[in-house]
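**Q** Throw the hints in and build the complete structure from the sequences for me.
Listed below, chain by chain, are the residues.
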Amino acid sequence: MGFLTEFIYDLYRVLSDKIYLSFIKEDRYMYLVNGWVVSIEITAFAAIIGIVIGVLLAIAKIMKKPPLTQIADWYVSVIRGTPVVVQLTIIYYVILANSNLPKIIVASIAFGINSGAYVAEIIRSGIQAVDRGQTEAGRSLGLSYGQTMRFIILPQAIKNILPALGNEFIALLKETSISGYIALEDLTTGGNLIRSVTYESMTPLLTVAYIYFLMTLILSSILARFERRLRTSD
Amino acid sequence: MIKVIDLHKYFGELEVLKGVNVEIKQGEVVCVIGPSGSGKSTFLRCMNLLEIPTKGEVIIDGVSLSENMKQLDKLRRNVGMVFQQFNLFPHMTVLDNITLAPVKVLKMNKEEAASRAMKLLERVGLTDKAKEYPSRLSGGQKQRVAIARAMAMNPRVMLFDEPTSALDPEMVGEVLEVIKSLANDGMTMVIVTHEMGFAREVSNRVFFMDEGIIYEEGTPSEIFNNPKRPRTREFLSKVL
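Chains as they are written, first to last, in the numbering used here: chain A, 1 to 234; chain Y, 1 to 240.
If you are wondering where the hints come from, they were derived from the structure by calculation, not from laboratory data.
This list has only true hints and no planted wrong ones.
Have a look at the derived ranges for each label pair, beta carbon to beta carbon:
hint: 1; chain 1: A; residue 1: 125; chain 2: Y; residue 2: 21; range: 38 to 46 Å
hint: 2; chain 1: A; residue 1: 162; chain 2: Y; residue 2: 14; range: 38 to 46 Å
hint: 3; chain 1: Y; residue 1: 67; chain 2: A; residue 2: 100; range: 57 to 65 Å
When the alpha-carbon atoms are kept at most 25 Å apart in a straight line, the in silico DSS-like pairs for lysine-lysine are as follows:
hint: 4; chain 1: Y; residue 1: 107; chain 2: Y; residue 2: 119
hint: 5; chain 1: Y; residue 1: 74; chain 2: A; residue 2: 64
hint: 6; chain 1: Y; residue 1: 104; chain 2: A; residue 2: 159
hint: 7; chain 1: Y; residue 1: 70; chain 2: A; residue 2: 64
hint: 8; chain 1: Y; residue 1: 238; chain 2: Y; residue 2: 228
hint: 9; chain 1: A; residue 1: 65; chain 2: Y; residue 2: 70
hint: 10; chain 1: A; residue 1: 65; chain 2: Y; residue 2: 74
With the Cβ distance kept under 8 Å, some of the chain Y side facing chain A (calculated, not the full set):
hint: 11; residue: 48
hint: 12; residue: 50
hint: 13; residue: 73
hint: 14; residue: 77
hint: 15; residue: 85
hint: 16; residue: 87
hint: 17; residue: 89
hint: 18; residue: 90
hint: 19; residue: 91
hint: 20; residue: 101
hint: 21; residue: 104
We put the beta carbon where it would ideally sit given N, CA and C, even for glycine.
**A** Structural data, given as structure tokens:
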């Protein structure tokens, strides 16, 4: 019995020392707080940029107008065929090297451009998964192409699109963890900074992992609620 | 009222329609029969340009569809279509399915569209289903709603593409009854069907299609009792 209490006491002391060293001393927890805010900002901006680019690309792909469709196809295959960390560094060190834009904007643009390609594919496949008969029924009633899209196809496509889009944003949130490559202090970088001043790895790394996990958990529960609400007609 | 002149349709290399010539008068009910793959559905779908003919003309009320591609949406309003697979809009209630096109295309106000929709639902015997979603309806009910939806645009012609082929046998009758009542009201109709008894009863004229042409046409009694050409005879001997 005495052995067990001693062990628990030791564990507590070691852990509290580590937590003190990693987070409390010199207000080091602020690395994580500030990093967390940066990660959220990049994800939110990139998601907006990604949706705008994705919708435009999906329209270009579906319209089947040769030059537009071709450009969209190229865009998607180039983005999907290269690693996001390479894209990020090219945009920061090459394309926007002389732009003087804040790093957080550069990162948002880079992740947005990347995400746009995936969003485009999600939207395109969601629209094309709606039965052809739906378009035919709409057009045979005299609705224009645009009206058919707006009132008949898109409301149904959203049900196909939403779960995949949610996964894409969860992936996006996690991908922003490479922002450190352009010396941007996001959540992951915050953890690494703590590590480099304290030489203590376990607590900051596990904490960073836990924060990401918590965020994705919250995101997916919000999405699950959305999906349930869209299912009224089934 | 409908004139089809030398209609050809290719799908890639495959020639599905090989020169169809037809004239259908106001108030006529025409049934199109024939083996599968004979081009019946394609012929029907060319009449509201869901398929674009490779060659030839479709003229409805003196207006050529192929020469007025820009006004296609306008011309299509006059041609109602009922599909084998119903194609109801699953995300809308029965009532919204029927009122969508009158409101968005004809700019009818919602109350008027709804009251007309209710009258049409009464005709097809489904007033109690107005607020249901299509997933809650049986096949026969879905098809009756689809007919009401097409009728809501006040079309000059109704096209039926095998309206009972996807139905369970016990639901065929209720749908045919509705189509029959439209025929009795003088609606101009073209019906692709495998229901020979129905075709005989309801139509003024029957087209027998085979290999991309109208191989034989005539009144129901001419076609069903007295077919003149060998392939018509062969087909009817198999299905009757």
